[in-house]
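For reference, the chains in residue letters:
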Amino acid sequence: MIEVSALVKRYGPFEAVRGVSFSVGSGKVLGLLGPNGAGKTTIMKVLTGYHRPSSGRAVLDGRDVVEDPEGVKASLGYLPEGVPLYLDMTVAEYLEFAASARGLGGKERRADRKAAIERAVDACGLSGVAGVRLERLSKGFRQRVGLAQAIVHDPAILILDEPTTGLDPNQILEIRSLIRSLGARKTVILSTHILQEVEALCSEVIILNEGLIVAQGSAEAIGAGLQGDERLECVVKGVADPAEALASIRAIPSVLSAEPAGPGTGGPARFAVTAGKGRGDAVAEGLFDWAAASGAKLLELRRERLSMEDIFVRLTREEPRL
Amino acid sequence: MSGVLTIARRELSAYFNSPVAYIFIVAFLLACGTLFFFVGDFFAVGQATMRGYFSLMPFVLSVLVPALTMRLWAEERKQGTYELLLTMPFRDGQLVAGKYLAAMAVVAAALALSLPVPLMASMFGRFDSGAIVAEYLGAVLMASAASAIGQAVSGASKNQISAFMATVMLLLALSLLSRVTTLLSLPGWLAGLVNWASLSYHFGSFSRGVVDTRDVAYFVIITVSCLYATARLISAGKWR
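Sequence lines, in order, name chains B and F. As numbered in the working numbering, residues 1 to 322 make up the first sequence, in order. As numbered in the working numbering, residues 1 to 240 make up the second sequence, in order.
In short, the hints are calculated from the structure, not lab data. Do not rely on the hints blindly, as some may be mistaken.
To be verified - DSBU-like mimics (lysine-lysine), calculated; alpha carbons at most 30 Å apart, straight line: (1) B:Lys-297 / B:Lys-277; (2) B:Lys-297 / F:Lys-158; (3) B:Lys-237 / B:Lys-186; (4) B:Lys-186 / B:Lys-297; (5) B:Lys-186 / F:Lys-238; (6) B:Lys-114 / B:Lys-28; (7) F:Lys-78 / F:Lys-158; (8) B:Lys-186 / B:Lys-28; (9) F:Lys-238 / B:Lys-28; (10) B:Lys-186 / F:Lys-158; (11) B:Lys-277 / B:Lys-237; (12) B:Lys-139 / F:Lys-158; (13) F:Lys-158 / F:Lys-238; (14) F:Lys-78 / F:Lys-238; (15) B:Lys-107 / B:Lys-186.
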């Protein structure tokens, strides 16, 4: 459980975060999304106790980052941006250090520590490289070591700053599935500017711009709030006269406009249809009925939704702040 | 305490995973051996004493200890591991103490490896073992002050080389300070102050085999205050 209220962080005269409030419960994955310099990393640095907030509060599992920084640090796992590691150590040595540092130190906890390291090594697929020095590992493996380091003490809260940057597509899928499985039991906050990642992983999204929250909620909810008129695209085979077809499409109730889409030379015809807000279903039905009645074959009927990209661009560039 | 030891172990493995510790130990032994047999003219003097050996110790330590301490914080900053370290549940004091202990352990290893010199020399005559113990104690205290100063400088630097240079200059200046009082005729109180601030002045009595609590106090004060300053420096960084 993470609760942030009216958080402000200034670096000198520059306000990196300007009054941000949110809360995330356990079993949730929160994505922080925003262009570079939006304040994602700053929020994470405050949550992890690395930087103190200029004003406002951040409470993790009942512990305040200013009043009990060690308690906060003990309860979370953190993967900083760029995965800093002690490159002179082997994977096993490094995880041993991380486990000792995060409350599994000392002789009396040796068995616990060993078990914890083994669990982290298995979870992150590191068993083949335990004896390898970190400087010799590829970026993908280093990322996994960074993640293993963050989860070795089984923290209730996981904070991941751009966990998949610089990985190849297979590695990204692996890391994502790992994060998803961790997210079922923990509170996870991750930052990213990869938009599919948010759709793939996060149950909640916060979009930040210039230190302020510009949108907050599930990806669908944010999309629905921004959605105006709905757009449909259909591909129809066996249309004799495209102009006539367009006219009859425009006659369907709730259709605002219909235009040919794509090249009109031979083959199936392609039309872009705009429906009124919330009328997408009715128009799709109407299109189906029209095609059936006129003897044409509907090859494709696609409803365009606002993609995460559209939402992101609208919120962080075009629209005035909400 | 376990936090301090965790950090100390991590730093020690960094020292011994890289050539730093080995180079330090070899350079220390070479420097000491050279000073003992050639500069100190052990055989020509014909006395079973290590006074010559230890009289130059402040300068050897002034140049070599910064090579150990330069990386302590500057490297963490450069590699970005600083952030990870500071988000682990350590108190700032534990980080500083752990790093100090690791540097001192390498110095202690080097000093221990230099023990064969007095042992061998004792074959040639009757050594004053008390004096040897005092001299080694002085060397440990001197190294302790130097590594605390070095850590504070590294804590304020982003770059290892600049940390090294700054520490060497600072330590050499502190060591040479007592020479000023022999070159210039200063008023008594000023001369006293200059001498009090000088590392080699306080080390001097140890190298003569005298353990004076005032000298011990000086080194302890320098060590503790520099370590404290480093810890403050690190917590101040969080409010940036």
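Each hint, compared with the structure:
no.: 1; hint: B:Lys-297 / B:Lys-277; in the structure: holds (27 Å)
no.: 2; hint: B:Lys-297 / F:Lys-158; in the structure: violated (69 Å)
no.: 3; hint: B:Lys-237 / B:Lys-186; in the structure: violated (51 Å)
no.: 4; hint: B:Lys-186 / B:Lys-297; in the structure: violated (50 Å)
no.: 5; hint: B:Lys-186 / F:Lys-238; in the structure: holds (27 Å)
no.: 6; hint: B:Lys-114 / B:Lys-28; in the structure: holds (29 Å)
no.: 7; hint: F:Lys-78 / F:Lys-158; in the structure: holds (7 Å)
no.: 8; hint: B:Lys-186 / B:Lys-28; in the structure: holds (7 Å)
no.: 9; hint: F:Lys-238 / B:Lys-28; in the structure: holds (29 Å)
no.: 10; hint: B:Lys-186 / F:Lys-158; in the structure: violated (36 Å)
no.: 11; hint: B:Lys-277 / B:Lys-237; in the structure: holds (28 Å)
no.: 12; hint: B:Lys-139 / F:Lys-158; in the structure: holds (25 Å)
no.: 13; hint: F:Lys-158 / F:Lys-238; in the structure: holds (16 Å)
no.: 14; hint: F:Lys-78 / F:Lys-238; in the structure: holds (17 Å)
no.: 15; hint: B:Lys-107 / B:Lys-186; in the structure: holds (28 Å)
Hints 2, 3, 4, 10 from the earlier list are contradicted by this structure; the remaining hints agree with it.
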